[in-house]
Structure formats: structure tokens, C-alpha cells
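> Keeping their order, the protein sequence lines are chains A and B.
The first sequence: position 231 = 231 (the numbering used here), numbered continuously.
The second sequence: position 20 = 20 (the numbering used here), numbered continuously.
Each hint should be verified, as a subset may be incorrect.
Claimed, not checked - Lysine-lysine pairs mimicking DSS-like chemistry, simulated, CA-CA at most 30 Å apart: (1) A:K22 with B:K94; (2) A:K22 with B:K99; (3) B:K94 with B:K224; (4) B:K99 with B:K296; (5) A:K143 with B:K224; (6) A:K97 with A:K114; (7) B:K240 with B:K224; (8) B:K240 with A:K114; (9) B:K71 with B:K296; (10) B:K99 with A:K143; (11) A:K143 with B:K240; (12) A:K22 with A:K9; (13) B:K296 with B:K224; (14) B:K71 with B:K224; (15) B:K240 with B:K94; (16) A:K22 with B:K240; (17) B:K240 with B:K296; (18) B:K99 with B:K240.
It is worth saying that the hints were derived from the structure and are not from the lab.
Owing to the predicted nature of the structure, the values given are computational and were not obtained by experimental measurement.
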Amino acid sequence: MAAVRRERKALMKKKVMKGKRKISVVLSGFFLTVLALLFCSPVLLLLSGSVTGPYELRQMLRPVLEDERYTAAEVRERDTILWEPVPRYPTGEHYQKLLFFTPQFFTVFWNSVKLTGLIIGGQMLIAVPAAWALAVCRFRLRKILFTLYVILMLMPFQVTMLSQYLVLNGLSLMNTHWAVVFPAVFSTFPVFLIYRGFASLPEELLEAARVDGAGELGVFWHIGLPLGMPGILSAVVLGFLESWNLIEQPLAFLENRQLWPLSLYLPEIGPDQAGAAFAASVITLIPSGLVFWLGQDYLEQGIISSAIKG
Amino acid sequence: MRKKAGGKKPAGVPAWVWFMAPSILGTACFILLPFGDVIRRSFCSVLGGQFTGLSNFRTVTGNQAFRLAVKNTVCFTAVCLPILIGSGLLIAVKLSRLKHPRLMKTLFLFPMAVPAATVVLIWHMTFGRLGFLNGLLDSLAGRLPGAVQAALGFSGGPVRIAYMDTELSFWVLVFSYVWKNLGYTIVLWMAGIMGIPAAITEAARIDGAGERQIFWHVVLPNLKGSLYTITVLSLLNSFKVFREAYLVSGAYPQENIYLMQHLFNNWFVNMELDKMAAAAVLLAAVLLVLIMAVQKVRPE
Numbered sequence: 001m002a003a004v005r006r007e008r009k010a011l012m013k014k015k016v017m018k019g020k021r022k023i024s025v026v027l028s029g030f031f032l033t034v035l036a037l038l039f040c041s042p043v044l045l046l047l048s049g050s051v052t053g054p055y056e057l058r059q060m061l062r063p064v065l066e067d068e069r070y071t072a073a074e075v076r077e078r079d080t081i082l083w084e085p086v087p088r089y090p091t092g093e094h095y096q097k098l099l100f101f102t103p104q105f106f107t108v109f110w111n112s113v114k115l116t117g118l119i120i121g122g123q124m125l126i127a128v129p130a131a132w133a134l135a136v137c138r139f140r141l142r143k144i145l146f147t148l149y150v151i152l153m154l155m156p157f158q159v160t161m162l163s164q165y166l167v168l169n170g171l172s173l174m175n176t177h178w179a180v181v182f183p184a185v186f187s188t189f190p191v192f193l194i195y196r197g198f199a200s201l202p203e204e205l206l207e208a209a210r211v212d213g214a215g216e217l218g219v220f221w222h223i224g225l226p227l228g229m230p231g232i233l234s235a236v237v238l239g240f241l242e243s244w245n246l247i248e249q250p251l252a253f254l255e256n257r258q259l260w261p262l263s264l265y266l267p268e269i270g271p272d273q274a275g276a277a278f279a280a281s282v283i284t285l286i287p288s289g290l291v292f293w294l295g296q297d298y299l300e301q302g303i304i305s306s307a308i309k310g
Numbered sequence: 001m002r003k004k005a006g007g008k009k010p011a012g013v014p015a016w017v018w019f020m021a022p023s024i025l026g027t028a029c030f031i032l033l034p035f036g037d038v039i040r041r042s043f044c045s046v047l048g049g050q051f052t053g054l055s056n057f058r059t060v061t062g063n064q065a066f067r068l069a070v071k072n073t074v075c076f077t078a079v080c081l082p083i084l085i086g087s088g089l090l091i092a093v094k095l096s097r098l099k100h101p102r103l104m105k106t107l108f109l110f111p112m113a114v115p116a117a118t119v120v121l122i123w124h125m126t127f128g129r130l131g132f133l134n135g136l137l138d139s140l141a142g143r144l145p146g147a148v149q150a151a152l153g154f155s156g157g158p159v160r161i162a163y164m165d166t167e168l169s170f171w172v173l174v175f176s177y178v179w180k181n182l183g184y185t186i187v188l189w190m191a192g193i194m195g196i197p198a199a200i201t202e203a204a205r206i207d208g209a210g211e212r213q214i215f216w217h218v219v220l221p222n223l224k225g226s227l228y229t230i231t232v233l234s235l236l237n238s239f240k241v242f243r244e245a246y247l248v249s250g251a252y253p254q255e256n257i258y259l260m261q262h263l264f265n266n267w268f269v270n271m272e273l274d275k276m277a278a279a280a281v282l283l284a285a286v287l288l289v290l291i292m293a294v295q296k297v298r299p300e
């Protein structure tokens, strides 16, 4: 009798625990959702701002725009900024103005496209074969080269900035787009990411292809490339997000503002042209948002394989 | 032992040379050789180029701006890494218990795709004297009982802090770093958690371990490898927070967020290449030692 009671008690306890667990899962789910939405709220704000009419926008942004005019005492009298998430009179005029009447925006946008395209294209041309050699070929320098590449990958721009300048200046590439493109193309980070993809291919498969008479180039082209594609795409996605967002390099190496990419031009649009700034931000966000949306699996894979294991 | 590629050696130049050559040449030309030159310059005077020994290093380490930048960068890293790594783990653990964590993961990861430049305006709107944050604090303060308000220092009427112009700018930077980097930390932690065989946690559960015990004694010890990775990556990404600092506050920000990259840029503008060389060599040496040290303590 006592045994049965004990068992029932234990069962009850288990049920209660299960119920508690369920509640905690629901609670943490709710909390996480709120946090996640908060994380994305800046983007929602950009979207709503970009379709709000100029008059409404000026009204809403007044506390920010006129901030500098107020003394410490005056600012206490003022209300803080309030945001209408849905504009009363939605309009596309900021986009229209930006796309059709701001030639400078076009220049800058194409600068970004050009830089990103050249960087990604170059990285693939250089990094894919190098990653293949490091992953598949066995040679004596392999380990040393690999360690060197990992160390270079980990060095921030501050370390390489002066070296890059010396070369670029020597080749008189300063103040051209190549000054940003070349150092990025020879970054060793994509080599490392792609290497991880190639290294996971089974040795037997490559061996079988060689036995069937494929040359080294054939094995690379017909087996390595198709099967290593996830790794390559990871490198493309991460490379895109990085080069679309370049700040340090163009800031240091491009003096001519006509050559600047979007990421440097955007903050130049003052808050007095908030509508244009919002619309430009949204347009800047679209390509990287698209790449993110299409490539999220590769992005995650890339993040995971950037885990350093020698 | 692994076999040599192809089993037999091809005649002439081995295949790897062709595959590696462009990358090695580029890396040598754009990074390695010029860095050798930078090391040489760090020991020479900028005019004339005579050997001056350690004098450049002495100048740099005695430099006020350099000390400030180093202090801020170290402080920033020391504050950010634990926050980022801890909160990332917490959220990853919670997310891994959900049935469909994918959408949430996407939301957390999304800031990674948001170019720094696009949120400048939002940061101004949030952290200005009349920004969202002060508005939020106002409405919170109004609802608290008077004693609590007084204790928190809210008693003096509405909150009107100019975050970017006070030492709080440091925390704004911390916030924007965490905002941007939390997503990939979560992805890495979750990959680590998913990598733990379900059999182990199941066995612990059958043995009567509670969720908390399972976390501390089963999950956590299995995540050492992930911790290593996340630490190194977060450390390197912490150097990129300059972007936000520069975009929001320009080349000479409030002194608590004057970072290494600000200093390098200002030296670069003034063409103080000898200082840059010495500082770059110092930084490279410190990072190299750090990387080696972390490599040594790494598990497995």
C-alpha cells in the first residue's frame, strides 16, 4: 500500500515538474520573442520612416533636430521624441526623390556594387584554389602555410593598415577603387571558410576519381567545386555582408568622395533630410537583407565553420 | 598516415603550387612583405630612416592618446565579451528547447546584415537628449513609487542625458556591439548544444538529474570547444565596433570611446607613419601572443 502511494506521489511530482517545465518554456518563449522583435525594431523604424511624409517626419523628429539649440535648462521643458509607427499619410516621395533626382546617390550606390562585386569575384578566384590545395594536397609546407593563414585571418585592420598603405602607395593605387579591392581579395578568411568545406570531403571519393584517370585539375573541377559549394557559398555570403559594410578601408584609402561607397555616404545625409536618409538606408539594407534571406543556411554554416580548429 | 595526392608524384611542378600560387603571391605582396617593411620602419626614424632602436616604441607607449585608446579598447573587450558570451549562451539554451527555433534565430541574426551606416540616424534618435531612451526612462520613473525614484536618482524631473557626450557613450557602444554580434554567438552556441549527443542528456535525465543539473554538469562541460571559438571570434569582432563609434561620433568622439582605430586614422591623416608602424607591431605582437596562449589552453 505504502509502495503504491509512494509511486503515485512520485508520478504526481513528475507531472507537476512537467507542467512547470511547460510554463517555463512558454514564458521564455514569450520573453525571447519580445527580445528578438526589439532587436529588429531599428529596421522597422527605418521602414516606417522612409514612407512618412516630410511634414509629419519633421514634426516627429523635431526634438532630435532642434536638440542643439536647447540649453540644459530648456531641454527639460521639452518632450522626448514620439514615433507613429504607421504614418498618417504614407508616401513614396523620398524614394522617388532619391532614385530620380539625386545623381550622387546613384554614383555611390554603383560604387558599392562595383566594390562588392570585384571583391567577391576576386576572392573566389584566389581563395577557392588555395583552399583546395590546403585541404587536399599533401605537401611539406602545408601546415606552416595553414597556420600563417589562420594568424593573418585573425589580424584586425589596425595591424595591416600601414602595410597596405605602403604597397598601395608604391603601386600608385591610392585613391582608386583598387586600393580597397586588392587587400580584400587577398584576405585569408575566405580561404579558411572554403577549406573547411573541402576538408570534409571523403578522401576515398577523390582517390576513386584519380584511379578513374582524372587529373588534379579534373578532380578539383568535377568533384571539389560541386561538392564544396556550400563552403564556397558561406564565404560568398559572409564576404558580401562584410564588403557591403566597409568603413575603415575606404575611409583610409579613398580621399575622393566620388569614389565612396554607400556605407560612408549614408551618414553624410544629415537629419534635416531625414526622409532621404531613411529611404537611402532602406535601399542600402535591401541587398544585404536579400543575401541574408537567401543565404541564411550558408551564413550559419559559415559562422560555424569559422570555428578555429587547426 | 595519409597518402600523397595522386599516389605518384606528377612530373614537374606539383599541383598544389598552381593552386596556391595566386594566393601566396597576393598575400606576400599585400600583407607579408609590407609588414616586414613596417617592422623595419618601427625601428627607424621617419626622416632619413636611420636605425633608432626602441625610440619609436617609447614614444608610442608614452603617448597620451595611445594609452587612452589601449585602455578603452581593453575595457571595452573586458566588458563586452562576458556579456556577449553569457547572454548568447542563455538565449541559445532557451532557444534549443523550443520546437521551431529557426524564426527566432533569424531575428537575432538579422542585425548582422544591417550595415552600420543605416542605423546611425536611429542611434541619434534613441540616445539623444530627447531620444527614445530618455522618454522610456521618464515614463518608467513616473510610475515608480517616490522612494524608489529618489533612490535611483530620478528625483530631478525628466531625464535628459546626452548619452553620446558623457561617459555613458561607452555603454551605448557596448549595446550596439552586443546588438550586432549576439546572433552569431547564439548560432555557435546552438551548434555546440546540438552537437551534444541526446543519449548523454537522456541518460542524465533518467538518472534523475533536473534541468539545471543537466545544464551545469552535462551540457556546459561539453561546450568548451565552442567557448574557445566564440571568444576568439568575438574578440576580433570587437575591433570592428569602431564603425559604429566613428559613424555616430566622428573622428574625435567622447574620450571613453576613443578606440585604437580612431588613433590610427588620426595618425594616418597626419602621416605619422613611424608611430603607426610601432603601434601596429606592438598590436600584432600582443595579438599573436594572445592567439598562441588561447591555442595552448584550448581543450583536445
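> State for each hint whether it applies.
Status of the hints after comparison with the structure:
1. A:K22 with B:K94: holds, 12 Å
2. A:K22 with B:K99: holds, 12 Å
3. B:K94 with B:K224: holds, 19 Å
4. B:K99 with B:K296: violated, 38 Å
5. A:K143 with B:K224: Holds - the C-alpha atoms of K224 of chain B and K143 of chain A are around 24 Å apart, at most 30 Å.
6. A:K97 with A:K114: At roughly 23 Å apart (the allowed maximum being 30 Å), K114 of chain A and K97 of chain A satisfy the hint.
7. B:K240 with B:K224: holds, 25 Å
8. B:K240 with A:K114: Cα-Cα ~23 Å, so holds.
9. B:K71 with B:K296: Holds, because 26 Å separates the two Cα atoms, which is no more than 30 Å.
10. B:K99 with A:K143: Distance of about 42 Å is beyond 30 Å: violated.
11. A:K143 with B:K240: holds, 29 Å
12. A:K22 with A:K9: holds, 20 Å
13. B:K296 with B:K224: Cα-Cα ~14 Å, so holds.
14. B:K71 with B:K224: holds, 29 Å
15. B:K240 with B:K94: The given pair, whose Cα atoms are some 28 Å apart, holds under the 30 Å limit.
16. A:K22 with B:K240: Answer violated: K22 of chain A to K240 of chain B is near 40 Å, above 30 Å.
17. B:K240 with B:K296: holds, 26 Å
18. B:K99 with B:K240: This hinted pair is violated, its Cα atoms lying about 34 Å apart.
Figure legend: structure checked against the earlier numbered hints; hints not met, in rising order: 4, 10, 16, 18.
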